[in-house]
Amino acid sequence: MATTAVAAPERENYLNKQYGISSWLLTTDHKRIALLYLVTITLFFFIGGFFALLIRLELLTPEGDLVLADTYNRLFTMHGQVMVFFFLIPAVPAVLGNFLIPIMIGAKDLAFPRINLLSWYLLVIGGVLMVYTILAGGVDTGWTFYTPLSTHFLDSHVITAALAIFVAGFSSILTGLNFIVTIHKMRAPGMTWSRLPLFVWANYATAIIQVLGTPVLAITLMLVALERIFNLGIFNPQLGGDPLLFQHLFWFYSHPAVYIMILPGMGVVSEVVACFSRKRVFGYRAMALAVIAIAVLGFLVWAHHMFVAGMSLYAGLAFSLLSYFVAIPSAVKVFNWTATMYKGSISYTTPMLYAFGFIGLFTMGGLTGLFLACLGIDVHVTDTYFVIAHFHYIMVGGMVMAYLGGMHFWWPKISGRMYPESWGKLAALIIFIGFNLTFFPQFVLGYLGMPRRYWQYSPEFQVLNVLSTAGATILAVGYLLPMAYFLWSMRYGKPAPANPWAAAGLEWTVSSPPTTFNFDETPVVTTEAYNYDELPEVPVER
Amino acid sequence: MMGMWIFLITEIMFFGGMFFGYMIYRYFYYNAWAAGSQHMDFWWGTINTVVLLCSSLSMAMAVRSAQLGQRKSIAVLSLITILFGLAFLGIKAIEYHGHWIAHEFPGSRFQWEGPYSNEVQLFFSFYWAMTGFHALHMVIGVGLVSYIAWHGWKGRYGPHYYNPVENVGLYWHFVDIVWIYLYPLLYLISHQRVLG
Amino acid sequence: MSEHIASKKFYISIWAGLICLTAATAVAANIELHQFNIVLALIIATCKMLLVALFFMGLKYVSDKMTLVVVVAGLFWLFILLALGMTDYISRSWV
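Residue numbers (the numbering used here), protein chains in the order written: chain A, 6 to 547; chain B, 435 to 630; chain C, 4 to 98.
What the hints contain is simulated information worked out from the structure, not anything from laboratory work. There may be inaccurate statements among the hints.
To be verified - Dumping the calculated EDC-like pairs for lysine to aspartate or glutamate here, alpha-carbon to alpha-carbon at most 16 Å:
#: 1; chain 1: A; residue 1: K113; chain 2: A; residue 2: E526
#: 2; chain 1: A; residue 1: K190; chain 2: C; residue 2: D67
#: 3; chain 1: A; residue 1: K284; chain 2: A; residue 2: D525
#: 4; chain 1: C; residue 1: K63; chain 2: B; residue 2: E600
#: 5; chain 1: A; residue 1: K113; chain 2: A; residue 2: D525
#: 6; chain 1: A; residue 1: K284; chain 2: A; residue 2: E533
Stated by the list, open to error - Which stretches of chain A does chain C cover? Using the computed rule of at least three CB atoms under 8 Å from a CB of chain C, they are:
#: 7; segment: 247–260
#: 8; segment: 312–323
Cβ coordinates follow ideal geometry from the N, Cα and C atoms, glycine included.
Work the whole structure out from these sequences, hints included.
Below, the structure is given as structure tokens:
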């Protein structure tokens, strides 16, 4: 591994075109905004991760001995809120989507570049409010803010947390709006809908969810704040209100929100699997329809979070059935990725390793979701560690792995440098092992009856908890490695060619890193999306 | 333009959350809803509805003037729209004041003679929240139309470029549509007698 | 940008229709129609909404059909929230 700085080519690109802080803070270049987002969400990932480590430390022993119960409530709440709203929701769309979508469709930028910058500022403002909330003592309602606990019975900083998420929600809405208009209006000549990379389709479906779902969260948070300030009673049974009304409104957004988190990751996996199987994605049309189907069906299942909350059994039956339907397009995608790999020429590069991890772990997470959709099983395992394991398999085993896979795949394009491949593989392996060690025991714990959000537990659960904490430590190491070597590569990494992976897609036809306006001339597209049978087979660089 | 329509459907979902809550509680507490509605000022509400419809007319005409490049008309019609908007907000302020001194504001201040006191308080929670957010959107709208009036006067808009005028028009009409639904739902529930 | 430019008279006639409908709904509210009161009120409100949306907002004349898809989708999504959410409340009392 070379340790002397390698001189990068002096050709002008979006990174070196202008220097100085205001050229970054006032930029309208979608690529620079993507990097601004990258810094922001990475920071929040580590803040959220810090809370996770404290949680796992407390859970090493059955007694509550590290922190007070009330503090523990704040730990898991802040972990959830920071991770969901300031890392998972923005991550792939705002970093990879912002960077790649214009280039993938042959455009110079997004439809509304200044609104794009505004979106980032909104996330930052929301983030500052969230950091203030944390420093002021945090919230202890659980990330779900259930009423009337959050509206009438706590004196923690519910309103500032709600405001932080409200502001961040508008960041999400504007990004979604920007993507929809961009994909409709700014495709290059010849880039028809059926030639779009599946990554673009995935972000388009995500944008639909962002635009239609997030406003409901916005009004719900506003109502919680008003209820707290004025003691309204909308969600308070003592005044005739219904706590379940809050849950309906909250989950109407928050269930589709999980599809906001996972769909872009699925888009990444499609790109990576096609490239490292050197084959077009199997069933392109089904894959595109599947992401739209997931986006639409995802809005019809929200009350499966409320089966034991006191809602009508008959409505529960309806939502249970609908929840089974939403699994179908996800399964189609898993089968099609597998079929893509069949008889393909597989290269085991770091992005591909993350894609493998995604496919396996997302499948496990998704299948356990079906367990939860079954009313009878849900009564047993809801509000236990089973649920926690389920969603972490999808969010961390799925989404974070897809995000890391995408970061590795497109790092040469973004930075103009290659990351060190052996370290990449090592980190992927460590993350995979750490992840499974952390979360698989939690399925067992949940099934055996360990409740979630409790700061102490029955002693017979200790062994599994210790395994889980050990896994979390390994996982933490795994996450630090890419941080370190990506930074290292920016100075010492090998300069990247335009297309180090011999991949298909317009983004690989421009230089690494791209120029500010991406293309010297507007490209004209004449081929299908994954024309690997026409591309030269080039040995992948190690 | 497509961007503005997408933004408007986010607003549909934003107000929609409150409409959902309103609908649930009206279903369960009809008598309280009717009783609360009786305490709305029918005439102010109806006049305000007419005021907003007039403002939509002037706004539509302002957009038309922009399409035709009639600089002065854009400014004049925008100003008329603003005046109607301010009239609406003024009447709203009168109504709010009336409700406030009648202790019809939810929370510790609330007092109600008659049955279903808690549920009537819920009605007023929705009244204040729904009309409050609507009024907030009106204030923003007045600001946007002022921007159009100013730049229209300066001659920025014409057949070659009237997108901002059209977009502000869309926003203004949307806020009017929200009121078109709020009016019967809040003011006209049961204006002759309370059942049961 | 839409290309269709309506006449002043046309806009005024739409406005007149809106005022008439407002009068109708105000009058109807004073007539006892039991369950039908709310139905009628919402029908009238929807007619007013359509007049504003189609003619003042120009939906009838848009050249880009995607705009219609966007609007229908937005209304449909609101419908999902209201209808699917109501299934819980209506069926709570079922045995």
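Quick one, are K63/C and E600/B close enough, alpha carbons at most 16 Å?
Cα-Cα ~15 Å, so holds.
Decide if the proposed pair is consistent with the structure: K284/A and E533/A, CA atoms, cutoff 16 Å inclusive.
holds, 12 Å
Quick one, are K113/A and E526/A close enough, alpha carbons at most 16 Å?
holds, 10 Å
For a C-alpha distance cap of 16 Å, please report whether K190/A and D67/C respect it.
Between K190/A and D67/C the Cα gap is close to 11 Å, so the pair holds against 16 Å.
Restraint status (C-alpha distance of K113/A to D525/A at most 16 Å)
holds, 9 Å
Do three or more residues from the segment 247–260 of chain A put their C-beta atoms closer than 8 Å to C-beta atoms of chain C?
Coverage by chain C holds here, the residue count being 3 at a Cβ distance below 8 Å.
Are there at least three residues in the segment 312–323 of chain A whose beta carbon sits under 8 Å from a beta carbon of chain C?
holds (count 6)
Taking 16 Å as the top limit, are the C-alpha atoms of K284/A and D525/A close enough?
violated, 29 Å
Hint 3 alone, counting from the list given before, is not met by this structure.
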